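J.: Chains A and B are the protein sequences, given in the same order.
Here the first sequence is numbered in the working numbering, starting from 414 and rising by one per residue.
Here the second sequence is numbered in the working numbering, starting from 1406 and rising by one per residue.
No lab work stands behind these hints, which were simulated from the structure alone.
This structure is a prediction, so every number in the text was calculated from the model and none was measured.
Don't take every hint at face value.
Stated by the list, open to error - Chain A stretches covered by chain B per the calculated footprint, using a threshold of three residues with CB under 8 Å from any CB of chain B:
1) 414 to 421
2) 544 to 552
3) 575 to 584
Said to hold, decoys possible - Label-pair restraints from in silico Cβ distances:
4) A:537 / B:1586: 44 to 54 Å
5) A:533 / B:1492: 38 to 48 Å
6) A:421 / B:1531: 46 to 56 Å
7) B:1408 / A:469: 46 to 56 Å
8) A:540 / B:1424: 18 to 28 Å
We treat Cβ as the ideally placed atom computed from N, Cα and C, and that holds for glycine.
So you can see what is in the structure, the chains are spelled out below.
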Amino acid sequence: MNSTPRLLNRILIGILGLKLLAVGILLMLLATVPAVGSWWQSWSAGVRDGANRLFDGTTFPGRQESWLWIVLSLVLVLVIGLVVAWVAQQGKGRSGLLLAAEDPGGVPGDVRIGSGVAEQSLKNALAERPDLASATVSTYEVRGQPALKIRLHPRSGVAPHLLAEDASALVAALDEVVGQKTPVLVHIAAGARTRFSRAERVR
Amino acid sequence: MRRVLHRETHSSRAAAAGIAAVLVVLVSLYALLESAVRAIGQPPWLIDPQSAAERIVALPSGVPPLLLGVTGAVVTAAGLFFFLSAILPGRRARHLLEEPRVAVVVDDEVIASALARRARLAANVTPEQVMVVVSQRQAVVNVRPTSGVPVSENAVREAVEDELRAMAPIPLPAVRVNLAESGVIGA
Chain A
414 MNSTPRLLNR
424 ILIGILGLKL
434 LAVGILLMLL
444 ATVPAVGSWW
454 QSWSAGVRDG
464 ANRLFDGTTF
474 PGRQESWLWI
484 VLSLVLVLVI
494 GLVVAWVAQQ
504 GKGRSGLLLA
514 AEDPGGVPGD
524 VRIGSGVAEQ
534 SLKNALAERP
544 DLASATVSTY
554 EVRGQPALKI
564 RLHPRSGVAP
574 HLLAEDASAL
584 VAALDEVVGQ
594 KTPVLVHIAA
604 GARTRFSRAE
614 RVR
Chain B
1406 MRRVLHRETH
1416 SSRAAAAGIA
1426 AVLVVLVSLY
1436 ALLESAVRAI
1446 GQPPWLIDPQ
1456 SAAERIVALP
1466 SGVPPLLLGV
1476 TGAVVTAAGL
1486 FFFLSAILPG
1496 RRARHLLEEP
1506 RVAVVVDDEV
1516 IASALARRAR
1526 LAANVTPEQV
1536 MVVVSQRQAV
1546 VNVRPTSGVP
1556 VSENAVREAV
1566 EDELRAMAPI
1576 PLPAVRVNLA
1586 ESGVIGA
């Protein structure tokens, strides 16, 4: 429901996993197979010499240190910034508007209904039920359109299809009030609160 | 809505992404510190990059092989965790319900507890004697009857199947009932 970048997550996690796998297998081979050790020493020495030449060729005039260190620092700052931006994308996508439409009547202006209207009314309608441990309603933006997510935590033993029917009826009533059919997702969830709460005995 | 339902029944890997990000940021911060210290010509904090490179080049020597092997195993395991969570489908333990107005996803645990309630009423036992495990294609009902009171397997199966038919989760799991050989005393 939220706009977590899932494909990006998979790609980046996959790249990191492959790199860690390669490093780990190399370390294990180095520890166990002597032939890999001699190959590694000759190969990595070549890489190191190349890097050393590069650093020696890029020193400041009149100074000993290479300006590549500064470039490296800047690149690392950039990497950290990108990673932080990536994490900030997780779980985003909440919206504050349930409806924004132009008023077709004679009065100039348009109509906006905040998401609090749907959230509060649905929550209040569900709050009294004895077969629910808790209910939360939130609004997300899915492809530019507002959509509601109703999360219900039933007590143990409650039949989910009856709950879904009741939620559906509530949403139909909300449609009447708002005058627009909002896409709705009902998630009937289990959690610590439902597991340890007493069983519903009335129904 | 179909896309939303797919997203709701599959993991977003946000947790793995968070762990990966923390790892990358920590390593980058340390490398940043050492290279910045090097750039302004100060003494290194833990190890300066040049001697770190020397140590890595000389690798099998300089470190006990056991330590090296264990480090490699740990790194491999971490890599496997990230790689597998990236390529596996990551299906969550949830089912869909058909409802005309709203889209419904249900955690398997909720289905299991509803089925357990029906099975318990059909078998006339206490809640502790029934355990139901629901997976994508199967619902396993384990009943431990009270000692001396017979439980009809068919009655339990019919009750559970009736409940499942009314619920109609997608995909519909097949019911399997296991009656325990030994009963519970004094329940």
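J.: So, against the hints stated earlier in the document, which numbers end up violated here?
T.: 2 and 8
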